[in-house]
Amino acid sequence: MARVLITSALPYINGIKHLGNLVGSQLPSDLYARYMRARGHEVMFICATDEHGTPAELAAAKAGKPVAEYCTEMHEVQAELARGFRLSFDHFGRSSSPENHTLTQHLAGRLKAAGLISEVSEKQVYSNADGRFLPDRYIEGTCPNCGYERARGDQCEECTKQLDPTDLINPRSAISGSTDLEVRETKHLFLRQKAMRDQLRDWIKSKADWPILTTSIALKWLDDGDGLQDRGITRDLDWGIAVKDGENDWPGMEGKVFYVWFDAPIEYIAATAEWAHAQGLGDEAWERWWRTDKGADDVRYVEFMGKDNVPFHTLSFPATLMGSAEPWKLVDYIKSFNYLNYDGGQFSTSQGRGVFMDQALSILPSDYWRWWLLSHAPESSDSEFTWENFQASVNKDLADVLGNLVSRVTKFCRSKFGEVVPEGGTFGPREEKLIADLTEKLRSYEQLMEAMEVRKSSAELRALWVLGNEYLQEAAPWSTFKIDPEAAAAQVRLALNLIRLYAVASQPFIPDAAQTMMTALGSDDWSWPGDVAAALATLPAGHAFTTPEVLFAKIADEQREDWQARFSGVRA
RNA sequence: GGGCCUGUAGCUCAAUGGUUAGAGCAGGGCGCUCAUAACGCCUUGGUUGGGGGUUCGAGUCCCUCCGGGCCUACCA
127 MARVLITSAL
137 PYINGIKHLG
147 NLVGSQLPSD
157 LYARYMRARG
167 HEVMFICATD
177 EHGTPAELAA
187 AKAGKPVAEY
197 CTEMHEVQAE
207 LARGFRLSFD
217 HFGRSSSPEN
227 HTLTQHLAGR
237 LKAAGLISEV
247 SEKQVYSNAD
257 GRFLPDRYIE
267 GTCPNCGYER
277 ARGDQCEECT
287 KQLDPTDLIN
297 PRSAISGSTD
307 LEVRETKHLF
317 LRQKAMRDQL
327 RDWIKSKADW
337 PILTTSIALK
347 WLDDGDGLQD
357 RGITRDLDWG
367 IAVKDGENDW
377 PGMEGKVFYV
387 WFDAPIEYIA
397 ATAEWAHAQG
407 LGDEAWERWW
417 RTDKGADDVR
427 YVEFMGKDNV
437 PFHTLSFPAT
447 LMGSAEPWKL
457 VDYIKSFNYL
467 NYDGGQFSTS
477 QGRGVFMDQA
487 LSILPSDYWR
497 WWLLSHAPES
507 SDSEFTWENF
517 QASVNKDLAD
527 VLGNLVSRVT
537 KFCRSKFGEV
547 VPEGGTFGPR
557 EEKLIADLTE
567 KLRSYEQLME
577 AMEVRKSSAE
587 LRALWVLGNE
597 YLQEAAPWST
607 FKIDPEAAAA
617 QVRLALNLIR
627 LYAVASQPFI
637 PDAAQTMMTA
647 LGSDDWSWPG
657 DVAAALATLP
667 AGHAFTTPEV
677 LFAKIADEQR
687 EDWQARFSGV
697 RA
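Just add 126 to the spot in the first sequence (first one is 1) and you have my numbering.
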């Protein structure tokens with residue numbers, strides 16, 4: 127048994143996430159966590175809401191609520207949706223937790239002691255009307271290059287020229303529209319990543335098994351242009367983790383907070399501490415996952431994220447942990463994803479385009495979404511959601527191939543033998559062949575799941591289901607029954623046991639349907655089918671079962687058209 | 001501008017430089033009747049975006065052109 131630490135990129139707090147966010151980190155990490163648990167490994171699966179930063183403050187202001195209250199509410203909303211999608215986090219924390227405050231301040235203090243923090247005075251735009259410093263992209267104005275009137279302070283989206291906010295003609299606040307702006311001097315802390323460049327490069331180069339998407343992004347940041355730059359890790363905001371040197375004040379940094387990208391990854395660790403404390407356990411309970419001097423030596427740590435998060439997880443966060451000179455557990459494998467597009471364009475939280483998690487659950491059970499999203503995960507390139515593809519895939523894979531198999535086996539048994547596993551008969555060459563085929567496919571499935579090959583795993587699982595239909599067609603117990611009822615009994619006994627095997631194997635993808643199958647069979651035996659022949663003898667003759675309702679109702683054309691129309695515009 | 005990824009059947013995707021480029025869906029044919037008109041078997045369908053090159057051999061490596069996407073450090 128191994129110990130596996132799994133983290134999903136933290137969803138930002140400012141609203142309900144769309145399906146593109148879900149498939150990029152939370153869902154595949156859940157798939158992996160469920161599979162690892164199913165194989166008997168000890169798993170710690172961590173996620174949290176990322177609650178700091180300017181967008182959180184603005185979203186709270188828009189909602190007319192204090193930011194702390196807004197975050198508490200949105201955290202609960204996101205937690206409820208996570209439960210709705212059956213995301214099996216051991217803990218779903220909050221980056222605003224006391225644990226994260228303590229740990230972030232502690233690590234900053236360690237970095238300072240190691241000489242890896244520099245103080246830099248710089249000029250930033252301050253908006254008197256908004257009462258805050260404005261990040262570059264929250265300043266709008268006319269592009270001096272192309273004349274586009276809604277250019278942002280960091281870059282003109284029209285001509286793609288990179289800008290400085292002071293370049294803009296007629297600059298104004300993107301928040302309030304106010305032109306009462308001024309440039310003020312402010313002091314910030316920088317993480318001296320430049321000083322750690324060689325150390326980081328050596329570390330990344332040692333990760334030869336990482337996806338190319340992950341390493342190419344990291345190496346580009348390390349070596350592009352002038353190479354890796356120091357990164358500002360503080361901001362002039364009210365909401366966040368106060369800048370401190372461990373438990374001590376940091377002279378000159380009063381009223382400032384750490385930048386969210388400094389404290390967000392630290393929350394992976396802090397959330398594990400939150401978990402320990404919530405369980406009434408001591409610090410050693412979480413330290414054995416994160417401190418190599420306290421038991422984390424044998425932990426395998428895997429991170430899941432969308433490609434936009436890669437620089438922070440390959441550079442800043444490792445630099446933070448390495449630079450602390452404390453024995454923190456570093457990531458062993460980073461699984462990164464491309465983007466899921468929606469019907470010809472991008473999903474967009476800010477524009478309300480696409481299907482959001484709450485809407486998805488309001489029209490169909492989570493298994494439908496889990497199956498489609500995972501079997502179409504954007505691994506090698508961006509992928510696209512269309513309602514036609516969703517309907518076709520779900521109907522064929524879930525309703526026809528798996529659902530109907532469960533239906534035909536249980537109903538046939540009920541009509542000929544009653545709702546008990548039938549007795550008598552023996553297995554012949556056909557059954558031997560089935561067991562051999564199942565074993566081969568199952569072993570392949572295990573390898574793919576181990577390797578986090580999400581789409582390929584789903585295809586292999588589906589192939590496993592297909593074997594059941596092929597067997598039934600060949601064995602044809604409905605014909606056998608007429609001339610040799612005992613032989614038919616053996617065939618049906620095998621088929622019923624096959625359903626249990628499918629429940630176990632499918633559980634990481636479609637947990638609810640798997641539970642329904644298991645419950646219908648009157649079993650609670652989730653042991654992994656290491657030996658397929660033995661697994662197919664789990665339910666003995668005479669064991670009672672119930673015939674389940676339709677496992678997956680098909681999506682009708684009218685439903686699809688209705689949803690297509692309903693989700694064609696932007697969210698209200 | 002620079003960098004990275006990507007382009008394979010109508011659609012979604014596979015294929016350590018090595019037989020005749022494969023699956024699923026969709027289309028066509030046959031079979032079955034237990035089942036959610038489901039399932040099984042067979043089958044049509046490709047100048048691997050264009051062009052050039054390296055090689056005994058290229059979807060794969062190199063050059064170039066065309067299309068799609070992402071990143072480019074103060075959104076997170």
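In short, the hints are calculated from the structure, not lab data. Misleading hints may appear alongside valid ones.
Result set (SDA-like, lysine to any residue): computed pairs, CA atoms no more than 20 Å apart in a straight line [what the hints assert, rightly or not]:
#, residue 1, residue 2
1, Lys-680, Leu-456
2, Lys-331, Leu-348
3, Lys-370, Lys-382
4, Lys-582, Ser-653
5, Lys-567, Leu-627
6, Lys-346, Ser-332
7, Lys-420, Tyr-274
8, Lys-370, Lys-522
9, Lys-522, Glu-687
10, Lys-191, Asp-364
11, Lys-249, Asp-293
12, Lys-680, Asp-638
13, Lys-522, Trp-376
14, Lys-522, Ala-589
15, Lys-567, Thr-552
16, Lys-537, Thr-673
17, Lys-191, Val-246
18, Lys-249, Gln-281
19, Lys-433, Ile-338
20, Lys-238, Trp-376
21, Lys-542, Pro-555
22, Lys-567, Ser-653
23, Lys-420, Ser-223
24, Lys-680, Gln-485
25, Lys-238, Ser-332
26, Lys-238, Trp-454
27, Lys-433, Ser-476
28, Lys-331, Ser-302
29, Lys-382, Val-246
30, Lys-313, Phe-259
31, Lys-382, Ala-368
Simulated restraints, written as ranges between beta carbons of each label pair [as the list claims (entries may be wrong)]:
#, residue 1, residue 2, range
32, Pro-377, Ala-321, 38 to 46 Å
33, Ser-653, Ala-404, 41 to 49 Å
34, Lys-333, Ala-602, 46 to 54 Å
35, Glu-510, Ala-589, 55 to 63 Å
Using N, Cα and C, we set each Cβ at its ideal position, and we do this for glycine too.
Verification of the hints:
Straight-line distance between C-alpha atoms of Lys-680 and Leu-456 comes to about 45 Å, which puts the hinted pair past the 20 Å bound. With a C-alpha separation of about 11 Å, the suggested pairing of Lys-331 with Leu-348 holds against the 20 Å cut-off. Restraint check: the Cα-Cα separation between Lys-370 and Lys-382 comes to about 9 Å, which is no more than 20 Å; the hinted pair holds. In summary, the hint linking Lys-582 to Ser-653 is not supported, as the alpha carbons are separated by about 23 Å, beyond the 20 Å threshold.
At roughly 13 Å between alpha-carbon atoms, Lys-567 and Leu-627 fall within 20 Å of each other, so this suggested pair holds. Of the pairs offered as hints, the one joining Lys-346 and Ser-332 holds, with about 16 Å between alpha carbons and a cut-off of 20 Å not exceeded. About 57 Å separates the Cα atoms of Lys-420 and Tyr-274, which puts this hinted pair outside 20 Å; it is violated. Straight-line distance between C-alpha atoms of Lys-370 and Lys-522 comes to about 57 Å, which puts the hinted pair past the 20 Å bound.
Between Lys-522 and Glu-687, the direct Cα distance comes to roughly 18 Å. Compliance with the 20 Å bound is thereby established for this hinted pair. In summary, the hint linking Lys-191 to Asp-364 is supported, as the alpha carbons are separated by about 14 Å, within the 20 Å threshold. Distance hint between Lys-249 and Asp-293 is fulfilled; the C-alpha atoms sit about 14 Å from each other, no more than 20 Å. Under the criterion of a C-alpha separation no larger than 20 Å, the hint pairing Lys-680 with Asp-638 is consistent with the structure, at around 16 Å.
Restraint check for Lys-522 and Trp-376: not satisfied, since their Cα atoms lie roughly 61 Å apart, outside the 20 Å limit. Between the alpha carbons of Lys-522 and Ala-589 the distance comes to roughly 13 Å, so the proposed pair stays at or under 20 Å and holds. This hinted pair does not check out: Lys-567 and Thr-552 have alpha carbons roughly 24 Å apart, beyond 20 Å. Between Lys-537 and Thr-673 the CA atoms are separated by roughly 7 Å; this keeps the pair inside 20 Å, and the hint holds.
Distance check on the hinted pair: Lys-191 and Val-246 sit about 34 Å apart at the alpha-carbon level, beyond 20 Å; violated. A threshold of 20 Å between alpha carbons decides the hint, and for Lys-249 with Gln-281 the separation of about 18 Å falls inside it, so the pair holds. The hinted pair formed by Lys-433 and Ile-338 meets the criterion: a straight-line CA distance of about 11 Å does not exceed 20 Å. For the suggested pair Lys-238 and Trp-376, the alpha carbons sit about 10 Å apart, so the restraint of at most 20 Å is met.
Annotation: proposed proximity of Lys-542 to Pro-555 is violated, straight-line Cα distance about 24 Å (limit 20 Å). A hinted pair counts as satisfied when its Cα atoms are at most 20 Å apart, and Lys-567 with Ser-653 qualifies at roughly 18 Å. The hinted pair formed by Lys-420 and Ser-223 fails the criterion: a straight-line CA distance of about 23 Å is larger than 20 Å. A distance of roughly 19 Å separates the Cα atoms of Lys-680 and Gln-485; the hinted pair therefore holds under the 20 Å criterion.
Proximity of Lys-238 to Ser-332 is assessed by CA-CA distance (about 27 Å); at most 20 Å being required, the pair is judged violated. Taken as a hint, the Lys-238 and Trp-454 pair is honoured in the structure, with Cα atoms around 17 Å apart against an allowance of 20 Å. Straight-line distance between C-alpha atoms of Lys-433 and Ser-476 comes to about 19 Å, which keeps the hinted pair within the 20 Å bound. Under the criterion of a C-alpha separation no larger than 20 Å, the hint pairing Lys-331 with Ser-302 is inconsistent with the structure, at around 46 Å.
As the CA atoms of Lys-382 and Val-246 are separated by approximately 14 Å, the hinted pair is consistent with the 20 Å bound. A threshold of 20 Å between alpha carbons decides the hint, and for Lys-313 with Phe-259 the separation of about 12 Å falls inside it, so the pair holds. A threshold of 20 Å between alpha carbons decides the hint, and for Lys-382 with Ala-368 the separation of about 6 Å falls inside it, so the pair holds. Taking the beta carbon of each, Pro-377 and Ala-321 are about 23 Å apart, not inside 38 to 46 Å as hinted.
Remark: the range hint 41 to 49 Å for Ser-653 to Ala-404 is contradicted by a beta-carbon distance near 29 Å. About 52 Å separates the C-beta atoms of Lys-333 and Ala-602, a value consistent with the hinted range of 46 to 54 Å. Between Glu-510 and Ala-589 the beta carbon distance is about 24 Å. The supplied range of 55 to 63 Å is therefore violated.
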